[in-house]
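Protein chains: 2
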Amino acid sequence: MTNKLLLTGLLVGGSLLAYGQDEKIDMATMDKIRQEGMQKSQVMETAFYLTDVNGPRIQGPGYMNAANYAKGKLAGYGLQNSRLESWGDWGKGWNVERCYFAMTAPYYKSMIAVPRAWSGSTNKLQTADILFITDTDTMALESYKGKLKNKIILMDQTYKVSPSFKADADRYTEEELQKMASAEAPRGSGGQRGGAGGDSTMRRMMQTMRTRNVFNQKMRKMAKTEGAVGILNSTQTSKDGTLFVSGDYANAALGAVPDDLADLSISAEDYMMLCRLMKAKVPVKLEVDVKTKFFADDIKGYNVLAEIPGTDPKLKEEVVMLGAHLDSWHAATGATDNAAGSAVMMEAVRILKAVGAKPRRTIRIALWSGEEQGLFGSRNYVTNHLVDAKTSKLTKDGENISAYFNVDNGTGKIRGIYLQGNVAAGPIFTQWLKPFNDLGATTVTAQNTGGTDHQSFDRVGVPGFQFIQDRIEYNTRTHHTNMDTYDHLQPDDLKQAATVVAAFVYNAAMRDQKIPVKEPVTAQQSNR
Amino acid sequence: MTNKLLLTGLLVGGSLLAYGQDEKIDMATMDKIRQEGMQKSQVMETAFYLTDVNGPRIQGPGYMNAANYAKGKLAGYGLQNSRLESWGDWGKGWNVERCYFAMTAPYYKSMIAVPRAWSGSTNKLQTADILFITDTDTMALESYKGKLKNKIILMDQTYKVSPSFKADADRYTEEELQKMASAEAPRGSGGQRGGAGGDSTMRRMMQTMRTRNVFNQKMRKMAKTEGAVGILNSTQTSKDGTLFVSGDYANAALGAVPDDLADLSISAEDYMMLCRLMKAKVPVKLEVDVKTKFFADDIKGYNVLAEIPGTDPKLKEEVVMLGAHLDSWHAATGATDNAAGSAVMMEAVRILKAVGAKPRRTIRIALWSGEEQGLFGSRNYVTNHLVDAKTSKLTKDGENISAYFNVDNGTGKIRGIYLQGNVAAGPIFTQWLKPFNDLGATTVTAQNTGGTDHQSFDRVGVPGFQFIQDRIEYNTRTHHTNMDTYDHLQPDDLKQAATVVAAFVYNAAMRDQKIPVKEPVTAQQSNR
Numbered sequence: 001m002t003n004k005l006l007l008t009g010l011l012v013g014g015s016l017l018a019y020g021q022d023e024k025i026d027m028a029t030m031d032k033i034r035q036e037g038m039q040k041s042q043v044m045e046t047a048f049y050l051t052d053v054n055g056p057r058i059q060g061p062g063y064m065n066a067a068n069y070a071k072g073k074l075a076g077y078g079l080q081n082s083r084l085e086s087w088g089d090w091g092k093g094w095n096v097e098r099c100y101f102a103m104t105a106p107y108y109k110s111m112i113a114v115p116r117a118w119s120g121s122t123n124k125l126q127t128a129d130i131l132f133i134t135d136t137d138t139m140a141l142e143s144y145k146g147k148l149k150n151k152i153i154l155m156d157q158t159y160k161v162s163p164s165f166k167a168d169a170d171r172y173t174e175e176e177l178q179k180m181a182s183a184e185a186p187r188g189s190g191g192q193r194g195g196a197g198g199d200s201t202m203r204r205m206m207q208t209m210r211t212r213n214v215f216n217q218k219m220r221k222m223a224k225t226e227g228a229v230g231i232l233n234s235t236q237t238s239k240d241g242t243l244f245v246s247g248d249y250a251n252a253a254l255g256a257v258p259d260d261l262a263d264l265s266i267s268a269e270d271y272m273m274l275c276r277l278m279k280a281k282v283p284v285k286l287e288v289d290v291k292t293k294f295f296a297d298d299i300k301g302y303n304v305l306a307e308i309p310g311t312d313p314k315l316k317e318e319v320v321m322l323g324a325h326l327d328s329w330h331a332a333t334g335a336t337d338n339a340a341g342s343a344v345m346m347e348a349v350r351i352l353k354a355v356g357a358k359p360r361r362t363i364r365i366a367l368w369s370g371e372e373q374g375l376f377g378s379r380n381y382v383t384n385h386l387v388d389a390k391t392s393k394l395t396k397d398g399e400n401i402s403a404y405f406n407v408d409n410g411t412g413k414i415r416g417i418y419l420q421g422n423v424a425a426g427p428i429f430t431q432w433l434k435p436f437n438d439l440g441a442t443t444v445t446a447q448n449t450g451g452t453d454h455q456s457f458d459r460v461g462v463p464g465f466q467f468i469q470d471r472i473e474y475n476t477r478t479h480h481t482n483m484d485t486y487d488h489l490q491p492d493d494l495k496q497a498a499t500v501v502a503a504f505v506y507n508a509a510m511r512d513q514k515i516p517v518k519e520p521v522t523a524q525q526s527n528r
Numbered sequence: 001m002t003n004k005l006l007l008t009g010l011l012v013g014g015s016l017l018a019y020g021q022d023e024k025i026d027m028a029t030m031d032k033i034r035q036e037g038m039q040k041s042q043v044m045e046t047a048f049y050l051t052d053v054n055g056p057r058i059q060g061p062g063y064m065n066a067a068n069y070a071k072g073k074l075a076g077y078g079l080q081n082s083r084l085e086s087w088g089d090w091g092k093g094w095n096v097e098r099c100y101f102a103m104t105a106p107y108y109k110s111m112i113a114v115p116r117a118w119s120g121s122t123n124k125l126q127t128a129d130i131l132f133i134t135d136t137d138t139m140a141l142e143s144y145k146g147k148l149k150n151k152i153i154l155m156d157q158t159y160k161v162s163p164s165f166k167a168d169a170d171r172y173t174e175e176e177l178q179k180m181a182s183a184e185a186p187r188g189s190g191g192q193r194g195g196a197g198g199d200s201t202m203r204r205m206m207q208t209m210r211t212r213n214v215f216n217q218k219m220r221k222m223a224k225t226e227g228a229v230g231i232l233n234s235t236q237t238s239k240d241g242t243l244f245v246s247g248d249y250a251n252a253a254l255g256a257v258p259d260d261l262a263d264l265s266i267s268a269e270d271y272m273m274l275c276r277l278m279k280a281k282v283p284v285k286l287e288v289d290v291k292t293k294f295f296a297d298d299i300k301g302y303n304v305l306a307e308i309p310g311t312d313p314k315l316k317e318e319v320v321m322l323g324a325h326l327d328s329w330h331a332a333t334g335a336t337d338n339a340a341g342s343a344v345m346m347e348a349v350r351i352l353k354a355v356g357a358k359p360r361r362t363i364r365i366a367l368w369s370g371e372e373q374g375l376f377g378s379r380n381y382v383t384n385h386l387v388d389a390k391t392s393k394l395t396k397d398g399e400n401i402s403a404y405f406n407v408d409n410g411t412g413k414i415r416g417i418y419l420q421g422n423v424a425a426g427p428i429f430t431q432w433l434k435p436f437n438d439l440g441a442t443t444v445t446a447q448n449t450g451g452t453d454h455q456s457f458d459r460v461g462v463p464g465f466q467f468i469q470d471r472i473e474y475n476t477r478t479h480h481t482n483m484d485t486y487d488h489l490q491p492d493d494l495k496q497a498a499t500v501v502a503a504f505v506y507n508a509a510m511r512d513q514k515i516p517v518k519e520p521v522t523a524q525q526s527n528r
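Just so you know, the sequences run in chain order A and B. Quick note on the working numbering: the first sequence kicks off at 1 and runs consecutively. Quick note on the working numbering: the second sequence kicks off at 1 and runs consecutively.
If you're looking for bench data, these hints aren't it; they were derived computationally from the structure. Do not take every clue at face value.
If several chains are the same, the list does not tell them apart, and a pair holds so long as it fits within one copy or across any two.
Below 30 Å or equal to it, Euclidean Cα-Cα: the simulated DSSO-like pairs (lysine-lysine) are [unchecked claim]:
hint, residue 1, residue 2
1, Lys-293, Lys-281
2, Lys-145, Lys-71
3, Lys-32, Lys-149
4, Lys-291, Lys-358
5, Lys-221, Lys-353
6, Lys-279, Lys-166
7, Lys-285, Lys-390
8, Lys-314, Lys-291
9, Lys-300, Lys-358
10, Lys-285, Lys-71
11, Lys-32, Lys-353
12, Lys-71, Lys-281
13, Lys-124, Lys-316
14, Lys-281, Lys-40
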């Protein structure tokens, strides 16, 4: 019903309609945005370039090529001051120049393999036996001393590969959305609890990673000292040919010397087969050829930034930001994580330029780097520009940010937005969503979500939001996998997402007031 | 309810219980079979050897090693006359000794690739450009003449890679089983219609394959003449890292000379990426290293056969057969197609020996070769032993086969049996299933199923049956894929299947009469 009324509103066009109590929405512009976003989309061309043409966008030439492409594209759309801006030292860049891995005895089997990020090289095709490590205790590693030379290291694991009786892909059901809509705000603010993550989730993940790394680092040190050829890794979810691969970035530290050790992710099936053959005392031979390259010529990290200048003399110093991380892991071309978000944000500003939007506030797009290793690009942007290092309070520039909108949950269309505990923004966003309810964007939840760049803003008291997106196959097939490729993008979803984002950004730039801030709860947060 | 009564019957044991009108079932032996099959199973050890240890079982050393293992194992169980029996000339054996494929420009990406069966070699690591063929008409190939040297050939395709909103794996629902149970028998007999296949389905498939091959064979001829490096293939379903790979076996013909052409299957995602890059005129470089080997030292095809001799002087000339094809495609280790069926059948006879069964009729196990290329092993067994070439009638040996039972539908447990139109066998099998109803084996359907070795028997009038098995992820992830590996086997399902098969074979061997035959409908069929 509402949808039909809205469509009529859209067709009439031109008038300022008021939904609810106070939000004035420029329906003529909403209509133009929708026409441009849904009918004349360029989002897939952008995604094609960022993925198929550019390749993985991990720190190094892969990221820099994409960043320069985006800079040029944004300038081409007519944005001002399109630029790469260094946020500080990142570390060495890296990429893969060859990866081949196979079993040659008891029979030949080439295996799906991806070097973990910042893996070293084998320097040539090497043939190797397995050193099978059945201990998991760091002390017990001592007993393997002197046995690692020319070996490929395999640690005993018990991954259980199970068939999927649940579909890889799904969309939010109405029930799920209603549950999210009626959820209470998390206690306190700033992403400490609830939702799909938050800082505490990230801290736990990083703690687990560190614990696991103690064993791995000791083994790696022994392996390097003794001249091992490589180390094999897998995860229980790496099945059916889909490998989940990320990497430790210790090797990217400024002074680190690349080692001659291939750090290889393989499938759980192949991993378990090797374990079973070892336990059955079947002689196994492997061959491996991994060549990676480290780049130390420019160790800085760069974000891409560009603006549509504000037109209202009183408001143009204020800024509405939209952003997404442009970097990716390397096992594929990071299509859903996060060429999707980057292409959507680029498309959103393209739409705004195409419809001739004259925003009162300045609109700034940011494409971040180093998100995958810890939100480096956005955190440092916030530190460098928005927070006073001495007082920990927001700078004038920080105070001037009305809101930051982020997209980083894959290829799914927008179903609504996480308030991140900022309940005062709820009624506003509810009204902004109405013209797009018929496209599936309906839900405002007080809940938090975590694990991406809006947190860098939220944690210092700048309103930062991430949209709710349909999951599609993000958690099963694409997120940090070798299958995160262009073909896993859903064109219609991305068109919708860019349309909704363009509308949100436009509304935020036109609104009389900035987006409300949450009640400050920590000393670090601003009291504006 | 029935299940509880049955369990009581099993606990009492020892007596001959009569279900329905006439089937006498030795419940003490059923109980022993169940105990041995479900509690002391060796089916996964057998499957481990056939897959992880042995590797792919395509014609050549891969198949012969597995056949010799099975022969030894069956003799070890105490079966008589365990043997490899040649059924005639198959053609050259083949295997893969190296496979590496990657894109090196515009950036590096190693790709999941599997040579199609009987692919040639590149002889060394070769770097190559793509020749992109946008025509599909055989005549239009002329325009590419003179352009193939040192090229890798890519034909324009429009595969749509879609996320799966349906689970990869499932089991038969009660509704599905009831529908199968109430289905009418197909008109006529002998697998001409209905079910999951039948001879007509196979004929259609082979016709389609031949049509496609006309274009491919012409292109291959040009490619070979001009010195191309390779040809790329894919299928729309080859996604998420799961590749569906089989192969043409023209190259296995007796006199064929292997060519210097790599015939490579890659994923739909990689295939489509290459097509998109070609269309966008982005320069692409590939590197490929494929080494395959042809074996002409023994071109014969061999089945594995062994017996448990009958003990009833009047019936021991009669034979109950159980079988499964032991051969596989080569992209993985053919775990669900059909190490599963082979291991189940080997386990079934092991169970019978372990429980000290003294069958009245002789029980013969057959593990077939060349099933994947057209039921060669079973067809020729039937031709060589069971049919008189001159009269097209069954021989004495053919008349003596009471029934042939087959398992070749993956790793799923047995849910019942296809009558293949032999409705007279229905009431018998319904009663035989009763002691295993509580294990999910309940359904007798008059329907046909096709595509495997029971058809070789059914088509000449020997009662041939295939069991109904839960699909699990057979059609989505394992059937003819690079993911058909040990970890995709379901141990509990295979234990159940071996238990049910052992019971059926035992009951068939003990029954006073042979299994009824269908009404003869063709001149080729027997009129016994």
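Q. Which hints, by number, does the structure contradict?
A. Numbers 2, 3, 4, 5, 6, 7, 8, 9 and 13 - these are the hints that the structure violates, sorted from lowest upward.
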